[in-house]
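Peer 1: First to last, the sequence lines map onto chains A and B. Numbers 4 to 605, taken from the working numbering, label the letters of the first sequence in order. Numbers 4 to 605, taken from the working numbering, label the letters of the second sequence in order.
Don't read these hints as lab results, they were simulated from the structure. Keep in mind that a hint or two might mislead.
It does not matter which identical chain is meant; a pair holds if it fits inside one copy or across any two.
Unchecked claim - Once the Cα atoms are required to be at most 20 Å apart in a straight line, the calculated EDC-like pairs of lysine to aspartate or glutamate come out as:
hint	residue 1	residue 2
1	302	414
2	509	521
3	370	40
4	426	571
5	370	128
6	270	445
7	426	200
8	275	487
Number of protein chains: 2
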Amino acid sequence: MVTSKPSQKSEPLSAAWTDHSELASGWRIASFLPIFEWLPRYGRADIAGDLMAAAVVAIMLVPQSMAYAMLAGLPLQVGLYASILPLLLYALLGSSRVLAVGPVAMVSLITASVLAPLATAGAADYVNLALFLALLVGLLQVVMGIARLGFLVNFLSHPVISGFTSAAALVIGFGQAKHLLGIALDRPERPYQVFMELARGLSATNVVTLGLGAGSIGILLFFQFGLKDLLQRVGVAKPLAIAVAKSGPLVAVLVATLLVGIMELNKEANVKVVGEIPTGLPPLSWPTAAWDQLGTLFKAALVVVFVGYMESIAISQTLASRRRQKVDANQELIALGVANVGASFTGGYPVTGGFSRSVVNFEAGAKTPLASVGTATLVALTVAFLTPMFYYIPHAVLAAVIVVAVASLVDWRMPFRLWRSNKADAFALVVTFVAVFALGIEIGVLVGMGTSLGLFLWRTSRPHIAVVGRLGNSESFRNVQRREVTTHPAVLAIRVDESLYFANTKYLEDALLDKVAEHPAVEHLLLVGSGINYVDASAVETLRELIARLQDAGVAFHLADVKGPVLDQLHRAGLIGELGEDHVFLSTHEAMAALTNKPPTW
Amino acid sequence: MVTSKPSQKSEPLSAAWTDHSELASGWRIASFLPIFEWLPRYGRADIAGDLMAAAVVAIMLVPQSMAYAMLAGLPLQVGLYASILPLLLYALLGSSRVLAVGPVAMVSLITASVLAPLATAGAADYVNLALFLALLVGLLQVVMGIARLGFLVNFLSHPVISGFTSAAALVIGFGQAKHLLGIALDRPERPYQVFMELARGLSATNVVTLGLGAGSIGILLFFQFGLKDLLQRVGVAKPLAIAVAKSGPLVAVLVATLLVGIMELNKEANVKVVGEIPTGLPPLSWPTAAWDQLGTLFKAALVVVFVGYMESIAISQTLASRRRQKVDANQELIALGVANVGASFTGGYPVTGGFSRSVVNFEAGAKTPLASVGTATLVALTVAFLTPMFYYIPHAVLAAVIVVAVASLVDWRMPFRLWRSNKADAFALVVTFVAVFALGIEIGVLVGMGTSLGLFLWRTSRPHIAVVGRLGNSESFRNVQRREVTTHPAVLAIRVDESLYFANTKYLEDALLDKVAEHPAVEHLLLVGSGINYVDASAVETLRELIARLQDAGVAFHLADVKGPVLDQLHRAGLIGELGEDHVFLSTHEAMAALTNKPPTW
């Protein structure tokens, strides 16, 4: 047994602390430049996994980056440009070993939604604004990382993230329907309007395009769900099986492109193709914006920062914990920020850590960020030499790549699961989901956040209170409505299950007075403070009034089980002095023992 | 001793419950029409007090209502009109016995600030909009009262109210300086600009006006601070002493008006006077607004509702509790709402329960709302017959009435008191104070509210945690840093002093893992849940991750002292099932007894 003295601030770290060291958050030079952490230890064992992962991710990334650029309303090379320098910069600075940075669906959707009112999709000033958005996003992320504001993402609750992700995935998916059907549609002003637009345009469906799209989806689904098991069953090694299975987008693009190119479907059947893509490494770019666009872009950048960071930190933490590693939330912000600044100066648009590609990177065996360096090299080679081969890629196959990628993000089961366990959480999810569709993607996420916080405030503003009694002969006191306990007619012990703060003090005063009114024989009200974690100035005022009103009604007020920090606050506010130290008991047990054996002191 | 069974929902009301009945919140017809509560019991004993109070309040109200109308930029009769029907309607519906309804300084300031961009002060459409604002305010209050949203005012914390009140009082006071100096100034766009404007206009000071203003302030201060004691010392009865002391505004107005009228200072010295005020009872009015003004007016109405209701409920609750009466927050909203609707239809602008006049009403002996009926009658007689006598009232004396009335609202000591007891509360006060000056009165109160809520969220997002140990031989476990307690090297018992919700779960996971890393010999982590009042879906997910990570590190996870509602939530979310019932202990005592005598089960 160890006896601690009150003066002892905290136990010193023993020599054996490394036992649990992988769990501790540290502070070292390497936490600013994580490359110093992993590069010196790089060894032969890491090479094979990194190379394989580099190839597999590049095979996914080339078609995806073009598809997401299309989703963002940008020329397709912008997606490729965003997949080179940002990856290298993140490899240098990122604290996750396996995060795959680059264009992602959700950020592309927000980019399109923000820029639509400012410029015409695909035009030069539209591209310039997309690059400027990346610059703003990057600078904001760096500043927030340095200011250690990474914790802010915690204010997005799981239900809000789930509702937002599902809704955004559906918005993205249905937004691609026009490419799969081969019809021209205006961008709807609000996401839900896409259904009306589609219904109107349906009769103009290009059947050949639809066939290409449907076929591509078929190939993608086969690769995604059937192929890996099939390959492993016939004895193909797991890493190779993964590599082959993840080449679905590449195969679909190849098949569709060959079909279109050979049969000249772009002329014969009016199938939309990507056309010419400039060849060569990314250009150096210096994006600009007009003063009057800055406000809009700044707000949009905040949304991109939040949504992008949320996606990135979620997957990087999940993957890191699988290998007992840790990611540093603020370092991640800085690394993503620098990656975005890099994107903006090399013709790219906002990037973040992608969910699905990071999982693939991890599963394909990536051990260090060198895998991303490999991926970037492969993408760079592609834009330097292979873009002429992209001429005949039909839009429909890129749309199919997007639709299949986002389909897995829709979580139908979550709302039902939440409804069973926690109605308020289910409500926040549904509100977020509906708001994204009805009001748009940026406002939707804000509405979701507001709903989560509002529900939390609402809950804390009308806390649970319980009359407690002694459990058997123990020193424990529990709710009289839940357990068989003994109470004393002259002493009413009430546990308040919430901190006392301005939003709930009036409610609690009323509730406590009502309880006293229900128990006419009561001479002592004992407030059990085990659930009170804080009291503010408003609560102190209300306690003062409560004590005075109880006194007038002939009821003495006492406190028990009040935590140290709360007792300090009450002392500083002078309330303990006014109440008298003899009304404050260390535990409910002591209070009950004292109060049931003596008459009231008032 | 009484033994409660868990099935028993709550104890039945005994016949003796009326012992504490004045504390209970009830539900009766009279709570919808409180007049049925007090009128049938009206007796001779009430008459004298009500009559005296009616006269005293009317003596205050006539000059004040004109002064506040001037503050609101309205013709002075609008203030008088707002002091007749609203008082009668509140007497019918209000749940406070002594609240004095009518124009107040803060609401007048907001009215001026809102209407300034929409119309020219004093013009017909300006008046019309002020009346329309009263209509909107009234309807909103009635709807909010019926929807039982009175609790919303609780989201304004004491520090915010204090900072707002002090700043608004200073804004009002300095805004009157131009009338005291007799100079013409534009309304500043932002409150803080009033200082620059005054500095610029100072050289044009009208010395006669300044003399009238300074003299009026002297009279008012003498009446307010010196006279009552003086009268009581020379043996004047207390009610009469109060009546005389409260006639300060009337005396100041009389003296100044006589001086100006006799010496024709309005012509001789260019002293601004109120001029002609229409004679006769209030006209029936039907205010209107253009569609494009509705948005602005609606937002302004919300601010008026909040600020007005806040002032009113604070004073009515304070006064009610002095006589062991109760006010019903929602009924108050309805009563004030109907009063405002009444104001808008009889040429009046927004009203609420005034702080100082209600105190005077109470102290002068008002027993029932009949006092307000008397006040309204006296005001009605004044507008019907006496307004020609108001021609020579100088603006300076009305400004003096305002300045002296609001000066007492500035609370210099509060920020220092708060700083000593609670830094966060002091911060919220200062932010609100500065925001009112820098950004304006309406935005200021919103900034204050946001700051209060933000600080609360911030605090709950990084909660206090404590390693706890056994206190002596008791069953109590307290913080090892605060008290001399015994711990066991293999069991780390940590108390988390906050509900687990999305904004703090990641922080807590890190904090708990760090604690485990600091204690290498630990085999069991016991989470003491006495301070956990709620868990949401995000927290359940994080707990799952935490349990898995601890398991990997060879540390078993246990729960103790978890409250019933929280345990229910954990059950519903499936976490208890996964963890195993044998890891959940009723109390820390039981958990420690069990864990220190047996090896880990993992």
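Peer 1: Look at each hint and say if it fits the structure.
Peer 2: Hint check:
1. 302 / 414: Cα proximity of residue 302 and residue 414: none, with 28 Å in one copy and 38 Å across.
2. 509 / 521: within (18 Å within a copy, 42 Å between copies)
3. 370 / 40: Within one copy only: 13 Å inside a chain, 78 Å across chains, cut-off 20 Å.
4. 426 / 571: between (36 Å within a copy, 13 Å between copies)
5. 370 / 128: Answer is neither: 40 Å inside a copy and 73 Å across each miss the 20 Å cutoff.
6. 270 / 445: neither (39 Å within a copy, 63 Å between copies)
7. 426 / 200: neither (34 Å within a copy, 55 Å between copies)
8. 275 / 487: neither (74 Å within a copy, 78 Å between copies)
Hints 1, 5, 6, 7, 8 from the list above are not met by this structure, while the remaining hints are.
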